[in-house]
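Enquirer: Residue strings, one per chain:
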Amino acid sequence: MAMAQNKTKKHVTNSLFYVLYVAVAILFLAPLLFLFISSLKEETQLISDMTTLRAFVPYGKMSLDNYAQVFEKMDFLHYFRNSALNAILQVAVGLLLNGMMGYALGLLEFRGRKFLISLMISLTIIPTEAVVINRFLVAVNLGVVNTIWALALPNLAIPMYIYLFYQHFRGMPKDLVEAAIIDGESYPGIFFKIMTPLSKPIYATVAIMSFIRAWGDLLWPTLVVRDNTWMTLPQKLRSLNDNVYVYWGQIFAFSAMVTLPILIVFLAFQKQFVQSVAMTGIKG
Amino acid sequence: MSEATLRKTANRRSKLTRSQERAAWAMSAPAMILLFVFMILPFFMSVFFSFTSRQLVVNPKRPTAFVGLTNYQKVFTDKVNRQAFLNTLEYTLILVPSVMVLSTLLALLVNRQAKGVTVFRLIYFSPQVVTMTVVTVIWSAFFSGMEDGLFNMILRTFGIPAQKWLQDPKLAMPCIAVMSIWQCLGMQMIIVLGGLQFIPEEIYEAGTIDGCTSWQELIYITIPQLKNTLVYVFISNTIYSLKMFTQVFMLTQGGPSNSTTTLVYQMYVEGFTNKRVGRTSALAVVFFLIVLVISQVQNRITEDK
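Line order of the protein sequences matches chains A and B.
Residue numbering for the first sequence follows my numbering, starting at 154 and increasing by one per position.
Residue numbering for the second sequence follows my numbering, starting at 490 and increasing by one per position.
Just chain B, with the same shape it has in the complex (with noise of 0.2 Å):
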């Protein structure tokens, strides 16, 4: 090849590079820029508001100003975000391991060659198809807390006394998980059941010349080979229960006395209706760091797969 051929493919090389990258640059920029203006903005205003005493209408005789520290201090310290607290914490230690526990239970039953058993699973996987809000209104319904309540009526007959359900203190959070649950349980079958897929047949043909029991099967076989599923579910799980909101705001905006209050809706009331920026910004950051280090331990237990 001649120097000049040879000047003239580096040159086309050169000029293919730039169209491409100003290609490349143009089709990422609308989105880039909604994501700076809506989230990374977002986000570092609570970093930074978290050590002010911003207001969300910002009072000219009472300006902003530096607190150093106190907004976190009364994040842990304050007692209705510390209740906030233990009742996220409630609501998820309720919901994960049932929906771990259930969800692989129901994988396993469906997880057979059936006739009409993907009608089945279908019908198990319909509620996650009702908007949350339709959810706590029929649910609603069945936790009447008056004597002749559904809910009531079925406790009737089995002689145990009418509860409150949702306007008790003990039982509201657990009436909320049992509701999610029923939401959510069809989607984490349908998780295991690809994890279940996932699992080579041989393991199991090898078991059975081994003699194993279905017991020993599924102790031995089928969890240890779900590990990266359950893990997922796990994490996946904690994050949707960490966030709850929808629900409480629904059914008992915190109430009754504070035992439903959740992380997300303690944001909502001091930043909406309490208008504190500065307090809500270090509740974020602190939400953020609890799902930042759950996320994180998700990738180690499944990075040395």
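Extracted from the complex, chain A is given alone in its bound form (with noise of 0.2 Å):
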């Protein structure tokens, strides 16, 4: 009898707690739902969902008009390609500079290692919103204002992204170093034959990390991208927005396929994903 009882609360409070996760879920998911389903919409249907709870509701003519407009009107493939390619740079090559660096500080010895470490440290503190404004100077001087290069060059090298790496390779076993320079190999190929084999979770996290950052980055391409030869997805998110004679679906559309590509990397390396963003804190 009391067993039965007791089962029965323990069942009320898991259903309890099933109420709680589902209202939360909603709390969450509803302003993405209302992204994706608006720009489904035709506009007329739209704009008079948005003021009720309708603009949650998938329902009317829907249709994949909005995008074809984008594609067509605003030229989204132009802007995604630059965005893509920036981001490419800054993972690809920033994985490539910030690893070695890693590698060089976690494993070798060499003079001067211990200060290299404790500069990484210290610089890990400078936020870059302290220097943007004289690092604009920087690339103004160096003459690559308007280029992919202003907008990749400065965000390859990341010191929270050296101290991971170098975190890492410290805590691999200097024997595997030794045994492989005894079989005649030599320090850099180690680092590209050996260490960096052994190292993919490190990697993906880090990877995961700098597209987030360069996919959504605003303050640094506004100051060095002026014109549209170069202008990235969220700069032209932000004109769009501005504009008040721009369709609200074609926004909606545009800002769905700005999450789009974020979103196919989440869902397909969730684990990772999670722990990549919550080992740093950076944020959109």
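One or more of the hints may lead you astray.
[Stated by the list, open to error] Think about it this way: if two alpha-carbon atoms lie no more than 16 Å apart in a straight line, the pair counts; the simulated EDC-like pairs of lysine to aspartate or glutamate are:
1. A:LYS346 <-> A:ASP336
2. B:LYS653 <-> B:GLU636
3. A:LYS267 <-> B:GLU510
4. B:LYS659 <-> B:GLU579
5. B:LYS716 <-> B:GLU706
6. A:LYS214 <-> A:GLU196
7. B:LYS504 <-> A:GLU331
8. A:LYS214 <-> A:ASP202
9. B:LYS732 <-> B:GLU579
10. B:LYS504 <-> A:GLU196
11. B:LYS504 <-> A:GLU338
12. B:LYS653 <-> B:ASP637
[Unchecked claim] Covered stretches of chain B, going by a simulated chain A footprint (3 or more residues, C-beta under 8 Å):
13. 527-535
14. 596-603
15. 621-628
16. 659-666
17. 735-741
18. 764-773
19. 779-785
[Stated by the list, open to error] Using C-beta positions, here's what the derived DEER-type ranges look like:
20. B:THR762 <-> A:TRP302: 20 to 30 Å
21. B:LEU558 <-> A:PHE170: 40 to 50 Å
22. A:ILE417 <-> B:LYS504: 47 to 57 Å
23. B:ILE692 <-> A:ASN159: 24 to 34 Å
The set of hints was computed from the structure by calculation and includes no laboratory data.
Yeah, the Cβ is synthetic: ideal placement off N, Cα and C, and Gly gets one too.
Assembly of the complex is requested from the two constituent chains, each provided in isolation within its own frame, with the hints serving as guidance.
Expert: Following this line, the structure appears as structure tokens:
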């Protein structure tokens, strides 16, 4: 009797928890649903729906028209190419440079190593925002403004990533290096042939971090890219959002397509994704 | 061992050390050069220019001159600058405590062995996937100041009059804070969850033997055990709040009547629109010092463990 009562009590608390779970989930998902559903609606219906809870319901005439318009009228692919190229450069070259330095600091013995490590730790404290205006002056003096180099170059070497690589490689067995040296391998060779294949998780983590960072950045691109040639997706979205003559449906379709690449990475690598974002507290 | 072999080994050693040294520097050089050009150099430029009248484009008729502490004086006396400090503080004071309380509650909520709970964790985390520019586009639709905006319609069902939201100087910053909390909460939940799962089970068992209620469990076991995690959440969110820019740049451009001008937004306006590099640099140095002090606080608090 008492056991049965206990069981029902447990059952009730369990159901209560699920009610809470779902209620909170609605709060987090509703804005996203709103975005994707609205991007499929026709403009007049969208405008009238936006003032009620119907904004969250997929119904009426739904089509991909807004998306077609974004491709045709707004040259989405051009901005997508810019953002993608920038992100790929930052991720690929960044992994190489930061990884190499992390390996040197973590596994090799050399004069100045201690100094470089403490320099790296001090640099992690400096927020990019605090140097951004003079970094812009540097970019102007280098003559790279309005090029892809202005977007990517300053964001390749990141002290935080170097530090993460350093911590990772420091934990690797030094015997591995010594054994490879006896086998006639060079120090860079050890990095590329032995250490990198053994370090896939940390590479995935840093890759995701730097992709999110590159994809969402607005301040730096706004400073160094002033014309259409290398304008990135967030920049274009900002100018669309400021333009009262642009249809909501098209802005939402544009926004949805900005979101999709990260969403795909997220769904494909959930575990690494959550871990990497939680590791540094970097936010879009 | 003969002397000859000894010398040979020593030779080989130093050769190895030298090749190791060369490799290490060669592999650090690319990152170091970039960091020097785009981080260390701009940092010292900021410090240097903060004492000068440097403009973005130097006017040959009015060359850059040393102005002593004038720029720093301006940082604290200029009306908009002061407003920027206060606004950033307001945003931080709304965001940080809310995130700490809500993320802890959420983490406690999902810290159970229940079917499908990992799916819910992912759902709560998902706003993090959305780029901030897109987040502001979505929420700007909700925050419509029109009578029939979505939030106003919801207010009306409760009999509350329509609000101007982002166009109301009193409400604009809290609105931006709520939106930002929505985006970052899931990630903070994951961090607290990590802390929760580190608490050894035995402490709770001991608590049960001593007859702890769940409330006492929370106050006397969970929260003290979470100390380092919560300090981390506190510090990282404070620094994150101090850097707030994109939301304001997208939604309000500092308005209405400077009620949402933040420190970083003010740096953008002073440096880029008004082209005053000297003043912006002073602002940047002060901003850096604030961040420095806050990150030192974290080291102090968590060190004594």
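Enquirer: Hints first: check each against the structure and report whether it holds.
Expert: Here is what the structure says about each hint:
A hinted pair counts as satisfied when its Cα atoms are at most 16 Å apart, and A:LYS346 with A:ASP336 qualifies at roughly 13 Å. For the hint pairing B:LYS653 with B:GLU636, the CA-to-CA distance comes to about 9 Å; that is within 16 Å, so the pair holds. For the given pair, A:LYS267 sits about 13 Å from B:GLU510 by alpha-carbon distance, which is consistent with the 16 Å threshold. Between B:LYS659 and B:GLU579, the direct Cα distance comes to roughly 11 Å. Compliance with the 16 Å bound is thereby established for this hinted pair.
For the suggested pair B:LYS716 and B:GLU706, the alpha carbons sit about 15 Å apart, so the restraint of at most 16 Å is met. Restraint check: the Cα-Cα separation between A:LYS214 and A:GLU196 comes to about 10 Å, which is no more than 16 Å; the hinted pair holds. For the proposed pair B:LYS504 and A:GLU331, the alpha carbon gap of about 14 Å is at most 16 Å, so the pair holds. For the given pair, A:LYS214 sits about 12 Å from A:ASP202 by alpha-carbon distance, which is consistent with the 16 Å threshold.
Simply put, B:LYS732 and B:GLU579 have alpha-carbon atoms about 13 Å apart, close enough for the 16 Å limit, and the pair holds. Straight-line distance between C-alpha atoms of B:LYS504 and A:GLU196 comes to about 73 Å, which puts the hinted pair past the 16 Å bound. This hinted pair checks out: B:LYS504 and A:GLU338 have alpha carbons roughly 14 Å apart, not beyond 16 Å. The suggested pairing of B:LYS653 with B:ASP637 holds, with an alpha-carbon distance near 11 Å, which does not exceed 16 Å.
Here's how the segment 527-535 of chain B fares: 8 of its residues keep a CB closer than 8 Å to some CB of chain A, so the rule of at least three is met and the hint holds. Interface restraint, the segment 596-603 of chain B with chain A: holds (4 residues with C-beta to C-beta distance below 8 Å; minimum three). For a cut-off of 8 Å, the count of residues in the segment 621-628 of chain B with a CB near a CB of chain A stands at 8, and the three-residue condition holds. Proximity of the segment 659-666 of chain B to chain A, defined as three or more residues with a beta carbon under 8 Å from a beta carbon of that chain, is not established by the 0 residues found.
By the rule of at least three residues with a Cβ nearer than 8 Å to a Cβ of chain A, the coverage given for the segment 735-741 of chain B holds, with 3 such residues. Coverage of the segment 764-773 of chain B by chain A holds in this model, with 4 residues showing a Cβ closer than 8 Å to a Cβ of that chain against a need of three. Check result for the segment 779-785 of chain B against chain A: holds, 3 residues qualifying (beta carbon to beta carbon below 8 Å, three or more required). For B:THR762 paired with A:TRP302, a C-beta distance near 24 Å keeps the hint of 20 to 30 Å intact.
Range check, B:LEU558 to A:PHE170: Cβ separation about 59 Å, and the 40 to 50 Å hint is violated. Our hint of 47 to 57 Å for A:ILE417 and B:LYS504 holds, since their Cβ atoms are close to 50 Å apart. Here the CB-CB span from B:ILE692 to A:ASN159 is close to 25 Å, well matched to the stated 24 to 34 Å.
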